[in-house]
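Following the hints, position chain B against chain A.
Order-wise, the sequence lines are chains A and B.
Mapped onto our numbering, the consecutive letters of the first sequence carry residue numbers 1 to 306.
Mapped onto our numbering, the consecutive letters of the second sequence carry residue numbers 307 to 485.
Since the hints were derived computationally from the structure, they do not count as laboratory data.
Heads up, a few of these hints could be off.
[Claimed, not checked] Interface residues of chain B toward chain A, partial, derived using beta-carbon atoms under 8 Å:
id: 1; residue: Ala332
id: 2; residue: Tyr334
id: 3; residue: Ala478
In this text the structure is predicted, and so the values were computed from the model without any measurement.
Backbone N, C-alpha and C fix where the C-beta goes; we use that ideal spot for every residue, glycine too.
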Amino acid sequence: MDPDEIESILGGGDPLGTSRLAKVIRTARSAPTAAELAREDVDVAAFRREILGRQAQRQRVLSRFTPLKIAAAAAAFVVVGGGFTVALTHTLEHPTTHVVPRQAATPTKAQPTSGSRDSKSTGSTGTGSKASSSSATGSNTPASGQTSTAVSGGGTSKQGNGNGNNRGQGTTIAPGLTGSTVPASYRGLCVSYQDASSQAQAVSKSSTEALHKLQKSTKFMRLAESALNQGLTVPQFCSKILGTSTVSPSVPGFGLNSTTTPSTNSGSTSTTSAPSNSGDQTDGGSSGTGGDGGGGGIVSAGIPAK
Amino acid sequence: MSQFGVEDFPEILHRAQRGDEIAFRALYRTYHSNLLRFLRTRLAGDAEDVASEVWVTIVKGLPTFVGDEVAFRAWIFATARRRMIDLYRRQAVRPQVTTELDVEDQTLATSSAQLEIDEAVAALVEGLTEEQAEIVLLRVLGGLSAKEVGILVGKTEASVRVIQHRALVKIAESLKDKA
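Chain B on its own, in the form it takes in the complex:
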């Protein structure tokens, strides 16, 4: 079982395609958190709305989806990237890497686990360029390979490896310094 995927993904997918709500919830709970974390680092307050829009798109395209679990994840994050671009165009706001979480958006009920997660995600993009952050997040949160990331961002696998290497080395040094 993949650390990213749902157990018995083909069966779950097939049932969801036939309208099984329980199967869809299984997919949702497996992939939504990473999706939301990816979007939060890029959109901050609009992350929840964009995430919902992504799932609307997934639901509409679900009956005709054909592929394995990796392809499904790639589809989710590709849709997320397109939604972000659309949002940027609507808002005419250049994307900025948000390294600090908007504490005011956090509810009092936010658990410590949530805080740890949010801090870890923030640490993975701190000090990185837009391109480096996206590649790192897609690899870390999306669980996609260098090749799959390259397809999404329009780069070769080798380029992705080079970019991710530089980015992760920088992150490691930053963490080391904080420690």
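The following block holds chain A by itself, in its conformation from the complex:
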């Protein structure tokens, strides 16, 4: 037998057809018998166990990772959402950041002292009209009490205007000062102003300088802004504060000859006119001589007329 013949026989061939070797080889390679497959179920069970174990392991791995994934996603959501929330609430926590910063001593847009309120006047027309005109002259002013009322009424209307025009009672200069607090803080200043104004009418150099000096003061600037915010002139503003008729320096004869006592007085006639005015003083209950300009003639005592 040569190697090729061997190879042929091993390959399943039988070149001679009578080879016993080939027959033995074919018999050795016969199909499996039942006895040889007796353990098939046992061995297949091992296969089944292996598959199930593999699946269970896969499930365990997945179940282990799923909560992690969920936790990771939740953590990411918390971080992102929390950051957003913090940013948002931080903004909300400091609402003052949204407040327009104070306009330091910057006069608001000056409301024209006349004529600008007519569209918004809601108060008594008479006084309102009167009040709207700082230079109203000649119009009879009611009694001081009435004046005050009128003024106040007008003031109310003007306040309404002011409210419409500005930020309400508070002012940009003193946002915390509203309503009654404004008059209280400016009361002394208004007294000084009116006094200085009345004195300035005397065309006295010293009184004029005093008035100018007063007008240059920071506090006066604030008062002026407050007045503007309410749509008033300074005299009107002070009159409202002091409860007197509006004093207009431009009213002829103002000051020296006609003064009015403040209506808000408690009955006292603390305001005294200059000695030169005494003759023309009106009672506290009445005012109006000289019109609006005549009112509010609070003349600080002690200022000698020149």
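Quick look at chain B alone, frame taken from chain A:
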């Protein structure tokens, strides 16, 4: 279709790898008998257990197996050789070529076909050395080429051809004498 392989081996293998029990049974029925016959000539009574161990190893490695039908057969018999070596080491028993079947292990239900098979396998290793018997069985029952056998036993293809030639010539003469 190979006389040793299963029809449409790639499809069967793929299904078995995915856990298809029917596909695995097809593989089992195709290769188990030759495996068992190979082991019986070397281990006698432990052949069934070792064969089961071989299939356990095959099952575990099945998902990652990559190769054709010849490679699969080579894998089975390589695993069988390693199991036998492990058994030898545990038992400290030198392997002996069993030429006579252990009739007492045979059940009464053993068919004549089984007897013929067992006798034929025994005839293929009668009078051979350990090395010759292994090579002959791997070529006859494993259906492996001389080259593939050489890889398993650690010899060159030429050496395997020489060894198998001498062995088969001897077997042929023995059969002739018996006849």
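Against the structure shown, which of the earlier numbered hints fail to hold, in ascending order?
Hint 1 contradicted; others consistent.
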